[in-house]
Amino acid sequence: MTWLAPWALVAGAIGMLGVVAAHLLSRQRPRAVALATARFLPTGMLEATTVQRVPRDRWWMFLRLVVIALLGLGMAKPVLTGSRVTLRTVLLLDRALPIETQQRALDSLASDAVVIAYDSVATLHPSNTAKTSLARSSSLSSGLARLVRVRDSLLRGSTRLQVVIASPFAPNSLDPATRTIRALLPDSIAVRSVVLPSVTPQPRGMVTVRSTGDDPLAATALLLGDSVVAGTSIVQRGAVLLQADSTAARAGATVVWWPARTLTTAPRVRALTVQRTTWLAPFEPVLENALGNGARVIGWWEDGAAAVWLVTLDRGCLVLVGAAMPEAGDHALSLGAQAMLRTLLTFCDSGRARVYAPPVWLSPPPRTLSASDSTASLTSRLAPWLVAASLLLALCELVLRRVRHV
Amino acid sequence: MAVTALHEYGVLLDAVRGVRWSARLRPRTTNVGAHSAKRIGPNVEVTEYRPYRQGDDPRRLDWKLLARTDRAYVRLAPDIATSPTVIVLDASASMGAALGGDSKWRQARMLCIGLTSVATTAGDPVGLIVAHGDGARRLAARARGDVVRELMRMVDSVTVAGAPRLAPLLDGLRGVDRVVIISDLLGDADALLVRAASLIARGVEVIVAHLVARDELTLLADRAIAVDPEDSTLRRPISRAAHAAYTDAFAAFRRDMRNRWLASGARYSEIIDDQPAGDAVRTLVRAASLTGGTRA
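Residue numbers (my numbering), protein chains in the order written: chain A, 1 to 406; chain B, 407 to 702.
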């Protein structure tokens, strides 16, 4: 048996204690009788409150206790669950986790658990058929949205859901919609602790520079050599992004697109800041927030305007730099330029090997939902009968008291 | 009149049949009655002769004897007179407010009817004054044969209520030889005593039937609030601790009433509500006859 509104049990217990206390506290105002010789009685208190050892009017007290107990039981909505599975585990599995971590999370699941694996999209699997898969980035919103859609169907075979999330909670996995979607779920969400495997040295790859002509940034990129970035890194110097750049990014490469543009006027010196790296050079802003919604600002000019955007694709990312610089000069060969280029090329990796603290609003159920919503798919057949019996007994008490007074 | 009440009255009238109520004082009037007075006076039934003494009424001289023997003798015979009687009946709310119900009022009605029957049997005119919440209802003294029935109807039509004052009702009594006060004396007892003393000084025989309920004596109720029926603001708790104090105070009150009424010259009897009505009537009549007196 389970209770859809267990708070009513507590309220009923408190009410029963109140009834017992009221019967122990005897505030008596005796009945009034007409007595012609009342004047010969001494004056005294007409009523008094006393605490008795034994409750008075025990039959009335018993009747009232039964009334409140039935009412509390009815309001608590008992459900006879029998042998059904009462708890079903749903694992929200972040595909951005390393394969080994994903597998450990899957191995810990019971056979009746289900898995919602998500990266940019979410898929539902039984725990025994879920497969591991690696994604460069993920969206918690997609996983939560999928859970919202399938929650009612998952509850049909159980009384309660246990939602568990296994995720590193990388900043790019959260978006403004995540909290709103989470508020649609009445369940509390447990966060499974994630232990990332020790970082093994990754083979270093060359920084590919695609440019036309004599490009100073190309020389700087070549100076970085293969000691900076892991995997494939591309610095694309061109007027537009190429389809090949996006394809490479989806395949896991980090593509830094720095538009090559001829400056018409002499630029003034500006400061470009990405993370903790600032580069002072004669720049001219370009792009000016003309990118799509998928871009996230990661660099700024000294006046606060956006300068660098990050677009996370399936397994890689695309870094868009909105700054044009003169072709001539040795600015690109400075140490600031090398630091900036190193920061841009390693930006995607910075969020991959870390586990972040989950948002504080993720675990507790939203306050706007009542506890009974967590079992909204269940109905109590006993509750109406219990409440009706309680009301009937209360009516009987009223009638009996009236009859006694008459 | 309810059949039950009529039956009770019938039993009472049977019980008091044969009770004679002699006049305790010399009657002032020369009305011819059916009962003997305690005054030895002229009558057709001569009981004895005695020599004439100065001051005797010359009309009582036996002139024939004087003419035959030349000795002046007066004829002595018991007086036969009537005693106009007025019953003052207290119908205040307190008369119907004992714990056992209206037993005091019931006993008062029975006393009233019983005494009326005794008085009318003796040929005495009987009148009634009922004091209740709406004022006083009066029935002038009369000696008709149906006066008992009239009084029955009158007392049965009265409902006890209010807190009427009895004392003013004694002011207008004229030509009355006997006043019977039936009350629990919980109202204006002091003023009533003063007026009654005034009547007694005028030679009127005053008989007081002090009605007390058995429940007032024993006070069986416990854990209750006693409310004075004539003053709803007077509320006192009834508890076991209060029983002793109550009993003492009530006994002192009754003792005080008895002493003061007797001291005033009235005939006083305490009547309990559960006492058989016939016995109560006899008690009152006997109390009135025990001691003689002379009219002032």
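Hint data in this document are derived by calculation from the structure and do not stem from the laboratory. As the structure is a prediction and not an experimental result, all values here were calculated from the model. For each residue, glycine too, the CB sits at the ideal point set by N, CA and C. Hints may be right or wrong, so weigh each one.
[Stated by the list, open to error] If the Cβ cut is set under 7 Å, some of the chain A residues that face chain B in the computed set are:
1) R31
2) A32
3) V33
4) A34
5) L35
6) A36
7) T37
8) A38
9) F40
10) L41
11) P42
12) P98
13) A239
[As the list claims (entries may be wrong)] Across the chosen pairs, the derived CB separations fall in these ranges:
14) A:R31 x B:D562: 26 to 34 Å
15) A:A32 x B:G539: 39 to 47 Å
16) B:T624 x A:R56: 24 to 32 Å
17) A:E397 x B:R555: 23 to 31 Å
18) A:A32 x B:T565: 55 to 63 Å
19) A:T43 x B:A669: 28 to 36 Å
20) A:L392 x B:T565: 42 to 50 Å
21) A:L392 x B:A658: 21 to 29 Å
22) A:W385 x B:D562: 55 to 63 Å
23) A:R31 x B:A658: 41 to 49 Å
24) A:L392 x B:R555: 54 to 62 Å
25) B:P574 x A:R31: 33 to 41 Å
26) B:A669 x A:A32: 31 to 39 Å
Status of the hints after comparison with the structure:
1. R31: holds (5 Å)
2. A32: It holds, given that the least Cβ distance between A:A32 and chain B is near 5 Å, below 7 Å.
3. V33: holds (5 Å)
4. A34: holds (4 Å)
5. L35: holds (4 Å)
6. A36: This hint holds: A:A36 lies near chain B, its Cβ roughly 3 Å from the closest one there, short of 7 Å.
7. T37: holds (5 Å)
8. A38: holds (4 Å)
9. F40: With a closest approach of 4 Å, the A:F40 hint holds.
10. L41: holds (4 Å)
11. P42: Because about 5 Å separates A:P42 from the closest Cβ in chain B, which is inside the 7 Å limit, the hint holds.
12. P98: Since the shortest Cβ distance to chain B is 82 Å, the answer is violated.
13. A239: violated (104 Å)
14. A:R31 x B:D562: 26 to 34 Å: holds (30 Å)
15. A:A32 x B:G539: 39 to 47 Å: violated (20 Å)
16. B:T624 x A:R56: 24 to 32 Å: Because 26 Å falls inside the window, the suggested range holds.
17. A:E397 x B:R555: 23 to 31 Å: violated (53 Å)
18. A:A32 x B:T565: 55 to 63 Å: violated (21 Å)
19. A:T43 x B:A669: 28 to 36 Å: holds (31 Å)
20. A:L392 x B:T565: 42 to 50 Å: Because 44 Å falls inside the window, the suggested range holds.
21. A:L392 x B:A658: 21 to 29 Å: For A:L392 and B:A658 the Cβ distance comes to about 57 Å; the hint is violated.
22. A:W385 x B:D562: 55 to 63 Å: holds (59 Å)
23. A:R31 x B:A658: 41 to 49 Å: violated (28 Å)
24. A:L392 x B:R555: 54 to 62 Å: holds (59 Å)
25. B:P574 x A:R31: 33 to 41 Å: holds (36 Å)
26. B:A669 x A:A32: 31 to 39 Å: Holds: the Cβ-Cβ distance is about 38 Å, inside 31 to 39 Å.
When each numbered hint is compared with the structure, violations occur for hints 12, 13, 15, 17, 18, 21 and 23.
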